[in-house]
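Novice: Sequence:
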Amino acid sequence: MIEVAKRLKHVEEYYFSKKLREVAFLKSQGKPIINLGIGSPDLEPPFKATMLLRDSLDDEGANKYQSYQGIPELRDEIANFYKNRYKVNLSGQTEVLPLLGSKEGIMHISMAFLNKGDKVLVPNPGYPTYSAVAKLLEAKPILYDLKEDNNWLPDFIALERLDLSKVKIMWVNYPHMPTGANAPNKFYDEVIAFGKRHNILIVNDNPYSFVLNEKPISIMRYKNAKDVCLELNSFSKTFNMAGWRVGMAVGSYEHLNAVLKVKSNMDSGMFYGIQKGAIEALKCSDMWFVSLNSVYEQRRELVWKLAEKLNCTYDEFATGMFVWAKLPPKIKSEEFTDMVLKEYSIFIAPGTVFGSNGEGYVRFSLCAPVEIIKEAIARI
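This note's numbering applies: residue 25 is where the sequence shown begins, and numbers increase by one.
No lab work stands behind these hints: they were computed from the structure. Mixed in with the good hints, there may be bad ones.
[Stated by the list, open to error] Mimicking DSS-like on lysine-lysine, the simulated pairs with C-alpha atoms at most 25 Å apart in a straight line are:
#1 LYS398 to LYS51
#2 LYS127 to LYS140
#3 LYS329 to LYS350
#4 LYS307 to LYS111
#5 LYS159 to LYS190
#6 LYS55 to LYS42
#7 LYS33 to LYS127
#8 LYS127 to LYS42
#9 LYS43 to LYS333
#10 LYS210 to LYS239
#11 LYS239 to LYS307
Sequences are here, hints too, so could you generate the full structure?
Specialist: Now the structure itself:
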């Protein structure tokens, strides 16, 4: 066999990629597995978005390569969305870059700004891809602690004590995945000042802001944000369009132009029909968000009951499409989730997937119908 690149020795296959193979095998053996492990929305996209996708297939040029920057109408509609929903003014032509999903944007941004040996500040717990991408690029992830007793927010005093000389990027993510914690205004002012002080690019990963969250916030609302910040956003959770692979990066022209240099060498533009459907999704009225959250509220109430059945505790004020639950003392996360899978055929995620500070916690997904969650409760 041809020897693989050395960079692969520093990363592992994504946990959910491996675990879902195990779940699929158990299902093939007749096990009635209930999957509450991953955040893949099961609800339908906006009807008009789907119709626009279908109707656009016959448009002239729909089958051709598209602009690396997305069609102008999509960029302008993203800017309108930010103005209407976040009270942020952006230029659709220079401060918006559509992406083939925001996860891909993590790689694009990292490739645009990181050199071998650079360092990256990564939340612990947090999205595992931040660290994995840094390692693939031979940069070094530096984990910064998020703890329950500090409301899952960074300790900037502790951060200032670190050697920050080679840190180029800091990943932040609020509403936070996996904990559902929200950040106050003070945090955004502090993190922007921190970035300016140390010449660090602050990247806010913001895909959960409209799920069970009454006050969606963009870091771009805050003073000096465009100087040192980029923000990633996504259609996956907000509009149930995870498989469509539509996201965006917003920020200054200078920062986005660097990202575009990478992106334009990695893909050949987003399919025209998906762009047309995405434009229609962005036009959804308030009723879309009310309806979406009413479904998730009902599911969350039931997941809370499931958590209680398993002797777990949780924060009723957390947001997003997961319930982050604390285990009883001295119980290990992976041992617990393996037990639940074996005894009850229910798959939930161990907190350790998201970092060492996830030990003692588990994560339940709300991406399952009420009937399925009720069945899970009945099994305990």
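Novice: Confirm or reject each hint.
Specialist: These are the hints, each one checked on the structure:
{"no.": "1", "hint": "LYS398 to LYS51", "result": "19 Å, holds"}
{"no.": "2", "hint": "LYS127 to LYS140", "result": "21 Å, holds"}
{"no.": "3", "hint": "LYS329 to LYS350", "result": "14 Å, holds"}
{"no.": "4", "hint": "LYS307 to LYS111", "result": "15 Å, holds"}
{"no.": "5", "hint": "LYS159 to LYS190", "result": "15 Å, holds"}
{"no.": "6", "hint": "LYS55 to LYS42", "result": "18 Å, holds"}
{"no.": "7", "hint": "LYS33 to LYS127", "result": "21 Å, holds"}
{"no.": "8", "hint": "LYS127 to LYS42", "result": "18 Å, holds"}
{"no.": "9", "hint": "LYS43 to LYS333", "result": "24 Å, holds"}
{"no.": "10", "hint": "LYS210 to LYS239", "result": "15 Å, holds"}
{"no.": "11", "hint": "LYS239 to LYS307", "result": "19 Å, holds"}
The structure is consistent with each of the numbered hints, conforming to all of them.
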